[in-house]
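Chains as they are written, first to last, in the numbering used here: chain H, 1 to 278; chain G, 1 to 144.
Derived from the structure by calculation, the hints contain no laboratory data.
Don't take every hint at face value.
Claimed, not checked - Listed below are the simulated DSS-like cross-link pairs for lysine-lysine, each with C-alpha atoms no more than 30 Å apart in a straight line: (1) H/156 - H/46; (2) G/62 - H/46; (3) H/246 - G/62; (4) H/138 - H/46; (5) H/156 - G/62; (6) H/63 - H/138; (7) H/261 - G/26; (8) G/36 - G/26; (9) H/156 - H/78; (10) H/138 - H/253; (11) G/138 - H/69; (12) H/261 - H/138; (13) G/26 - H/46; (14) G/138 - H/46; (15) H/215 - H/156; (16) G/26 - H/69; (17) G/142 - H/63; (18) H/233 - H/253; (19) H/256 - G/62.
Claimed, not checked - FRET-style restraints, in silico, Cβ to Cβ: (20) G/33 - H/244: 40 to 48 Å; (21) G/71 - H/33: 19 to 27 Å; (22) G/71 - H/227: 25 to 33 Å; (23) H/243 - G/94: 48 to 56 Å; (24) H/33 - G/39: 49 to 57 Å; (25) H/99 - G/62: 25 to 33 Å; (26) G/143 - H/227: 45 to 53 Å; (27) G/142 - H/41: 35 to 43 Å.
To be verified - The following residues of chain G were derived to be distant from chain H, with all beta-carbon distances above 12 Å: (28) 72; (29) 79; (30) 107; (31) 109.
Here a beta-carbon is modelled for each residue, glycine too, at the ideal position from N, C-alpha and C.
The primary structure of each chain is shown beneath.
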Amino acid sequence: MAQLEHSQEMGMHTEQLRGRTQQTFFSPIEDENFTYPWAYEVNFNKRAELDASDMSATEINLKLRDLMKSGHGTIVLKNPRARHGVAVGILNKLNLIVEGSLGYFGCGLVDGPNIRISGRVGWSCAENMMAGTVVIEKNAGSTFGAAMRGGDLVCKGDVGARAGIDMKGGTLIIGGRAGAFCGFMMQRGRMVILGDAGINLGDSMYDGTIYVGGKIADLGVDAVPAEMTDLDKAWLDRKLSQYGLKTPNGVGKMQKIVAGKQLWNYDNLEPTEKKLVL
Amino acid sequence: MALNKVTAKTANKAGGESEDIDHFLKTEGLDSNREKEIGQHIGYRYDVNLVPDYDRLTPFLKTYMETMGWDDLNWLEDVHMGYEEHRAAVFDRNINGWVTVPEDMELPNNQQDRDMIARELLIKFQMSKRHPMVDLRKAYAKFD
Numbered sequence: 001m002a003q004l005e006h007s008q009e010m011g012m013h014t015e016q017l018r019g020r021t022q023q024t025f026f027s028p029i030e031d032e033n034f035t036y037p038w039a040y041e042v043n044f045n046k047r048a049e050l051d052a053s054d055m056s057a058t059e060i061n062l063k064l065r066d067l068m069k070s071g072h073g074t075i076v077l078k079n080p081r082a083r084h085g086v087a088v089g090i091l092n093k094l095n096l097i098v099e100g101s102l103g104y105f106g107c108g109l110v111d112g113p114n115i116r117i118s119g120r121v122g123w124s125c126a127e128n129m130m131a132g133t134v135v136i137e138k139n140a141g142s143t144f145g146a147a148m149r150g151g152d153l154v155c156k157g158d159v160g161a162r163a164g165i166d167m168k169g170g171t172l173i174i175g176g177r178a179g180a181f182c183g184f185m186m187q188r189g190r191m192v193i194l195g196d197a198g199i200n201l202g203d204s205m206y207d208g209t210i211y212v213g214g215k216i217a218d219l220g221v222d223a224v225p226a227e228m229t230d231l232d233k234a235w236l237d238r239k240l241s242q243y244g245l246k247t248p249n250g251v252g253k254m255q256k257i258v259a260g261k262q263l264w265n266y267d268n269l270e271p272t273e274k275k276l277v278l
Numbered sequence: 001m002a003l004n005k006v007t008a009k010t011a012n013k014a015g016g017e018s019e020d021i022d023h024f025l026k027t028e029g030l031d032s033n034r035e036k037e038i039g040q041h042i043g044y045r046y047d048v049n050l051v052p053d054y055d056r057l058t059p060f061l062k063t064y065m066e067t068m069g070w071d072d073l074n075w076l077e078d079v080h081m082g083y084e085e086h087r088a089a090v091f092d093r094n095i096n097g098w099v100t101v102p103e104d105m106e107l108p109n110n111q112q113d114r115d116m117i118a119r120e121l122l123i124k125f126q127m128s129k130r131h132p133m134v135d136l137r138k139a140y141a142k143f144d
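Extracted from the complex, chain H is given alone in its bound form (with noise of 0.2 Å):
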């Protein structure tokens, strides 16, 4: 309730929004600032160990965000024990290590830090990840990525069904196996399979792009075969080095699928049946 009187005080309530051009906020010869206004000032050589043994899934969130708010620039959390909801709504830049596995929704609504993450993660990790890098050493399990719209988030094992369902950017790379339906309605940004990819891959997609290393079981509707280009192979090579991945056969037998967009035209069919068409 206060929060909403203080934004009925602000005005934002009340303003009328006039057309979609916002250059009245901005003048782009301001002071240059790297970060979020409301980003902590943190030193990647200050460094601090969490031992979450005894804590609270709540508890850790918020011991996380004390050390940023001290400083600490690189942060060890040990012990995590597959808690849900670990790692979320960072803002901030930030080196976390965390030694051990996560349960559901680990690392969800992060914008900026770099995660290593030595175990497994649960169902869909990283969700609505905004930007930074998220890498697991070994499984994910589905959902993985759901809805990220930026960022690298990298897998080094298998993943399970519906991998990136609904991504709107970044970069999803899996160093194994992908189930089911991954790139489902995806919208836009990469995805990378180094291993094989189950059926109905890039189904309903809209936009965007997945590589994949292996064989594919099925493709999904409207989604099609593309050529690879030299800037692809190059931008492949630069990605997965990065991360110390290799796809068997190298990047240029790799498979590119993208969206035949047909579907873009889908409310001027939707009396009908989409598959009597496609």
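For chain H, the structure is supplied; the task is to place chain G on it using the hints.
Okay, now just chain G, sitting in the frame of chain H:
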């Protein structure tokens, strides 16, 4: 050299069916049947499959990557220069609106260079203390 060749080819594609990179600055930009039907250019889908050419990074973007501890452009890889109402602009996901490129800024004749300018401009905007999100955060944030 091969990269530049591909870049130029894709840049043309990024400007629509036209070979002219300024197509959207000179015309209405209503090219597809869908755009003609709705009377509006579908403005933010500029060749999202165009991956960035890192040789064209601006000094500002290099410093930004070093500051954040990233080896690459990270989320900015998806940011491309678009066009709104005959003006070059970059789309800001946080405000769900366009930030127009200053009129006096000269645009290079290459989509990759234009994209780098857009990325730099977007960072300067999003990290500005005058970004609308700063006020929204004051109003709605649960934590300090």
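Here is what the structure says about each hint:
Taking the CA atoms of residue 156 of chain H and residue 46 of chain H, the gap is near 28 Å; set against the 30 Å cutoff, the hint holds. Taking the CA atoms of residue 62 of chain G and residue 46 of chain H, the gap is about 23 Å. The hint holds against a cut of 30 Å. Taking the CA atoms of residue 246 of chain H and residue 62 of chain G, the gap is near 26 Å; set against the 30 Å cutoff, the hint holds. Simply put, residue 138 of chain H and residue 46 of chain H have alpha-carbon atoms about 28 Å apart, close enough for the 30 Å limit, and the pair holds.
Proposed proximity of residue 156 of chain H and residue 62 of chain G is supported: the alpha carbons are some 27 Å apart, at most 30 Å. For the suggested pair residue 63 of chain H and residue 138 of chain H, the alpha carbons sit about 26 Å apart, so the restraint of at most 30 Å is met. A threshold of 30 Å between alpha carbons decides the hint, and for residue 261 of chain H with residue 26 of chain G the separation of about 26 Å falls inside it, so the pair holds. The suggested pairing of residue 36 of chain G with residue 26 of chain G holds, with an alpha-carbon distance near 17 Å, which does not exceed 30 Å.
About 20 Å separates the Cα atoms of residue 156 of chain H and residue 78 of chain H, which keeps this hinted pair within 30 Å; it holds. Taking the CA atoms of residue 138 of chain H and residue 253 of chain H, the gap is near 25 Å; set against the 30 Å cutoff, the hint holds. Restraint check: the Cα-Cα separation between residue 138 of chain G and residue 69 of chain H comes to about 18 Å, which is no more than 30 Å; the hinted pair holds. Restraint check for residue 261 of chain H and residue 138 of chain H: not satisfied, since their Cα atoms lie roughly 35 Å apart, outside the 30 Å limit.
Distance check on the hinted pair: residue 26 of chain G and residue 46 of chain H sit about 53 Å apart at the alpha-carbon level, beyond 30 Å; violated. About 28 Å separates the Cα atoms of residue 138 of chain G and residue 46 of chain H, which keeps this hinted pair within 30 Å; it holds. A hinted pair counts as satisfied when its Cα atoms are at most 30 Å apart, and residue 215 of chain H with residue 156 of chain H qualifies at roughly 18 Å. The suggested pairing of residue 26 of chain G with residue 69 of chain H is violated, with an alpha-carbon distance near 50 Å, which exceeds 30 Å.
Between residue 142 of chain G and residue 63 of chain H the alpha-carbon distance is near 16 Å, which keeps this suggested pair within the 30 Å criterion. Taken as a hint, the residue 233 of chain H and residue 253 of chain H pair is honoured in the structure, with Cα atoms around 10 Å apart against an allowance of 30 Å. Only pairs whose Cα atoms come within 30 Å are accepted, and residue 256 of chain H paired with residue 62 of chain G is accepted, the gap being roughly 29 Å. Look at residue 33 of chain G against residue 244 of chain H: about 47 Å separates their beta carbons, and that is inside 40 to 48 Å.
As the Cβ distance of residue 71 of chain G to residue 33 of chain H is approximately 22 Å, the hint placing it in 19 to 27 Å holds. Roughly 27 Å separates the CB atoms of residue 71 of chain G and residue 227 of chain H, a value that falls within the hinted 25 to 33 Å. At about 28 Å, the beta-carbon gap between residue 243 of chain H and residue 94 of chain G misses the expected band of 48 to 56 Å. The given range of 49 to 57 Å is broken by residue 33 of chain H and residue 39 of chain G, whose C-beta atoms sit roughly 39 Å from each other.
At roughly 32 Å, the beta-carbon separation of residue 99 of chain H and residue 62 of chain G lies within the given 25 to 33 Å, and the hint holds. Against the hinted window of 45 to 53 Å, the Cβ-Cβ separation of residue 143 of chain G and residue 227 of chain H comes to about 48 Å, which satisfies the hint. Between residue 142 of chain G and residue 41 of chain H the beta carbons are some 21 Å apart, a value that contradicts the proposed interval 35 to 43 Å. Listed as outside the interface, residue 72 of chain G is inconsistent with that label: its C-beta sits roughly 7 Å from the nearest C-beta of chain H, within the 12 Å cut-off.
The Cβ of residue 79 of chain G does not lie farther than 12 Å from every Cβ of chain H; its closest approach is about 9 Å, which violates its non-interface assignment. The beta carbon of residue 107 of chain G is kept farther than 12 Å from every beta carbon of chain H, the shortest such distance being approximately 14 Å. The claim that residue 109 of chain G lies off the interface holds: its Cβ sits roughly 18 Å from the closest Cβ of chain H, which is beyond the 12 Å cut-off.
Hints 12, 13, 16, 23, 24, 27, 28, 29 from the earlier list are contradicted by this structure; the remaining hints agree with it.
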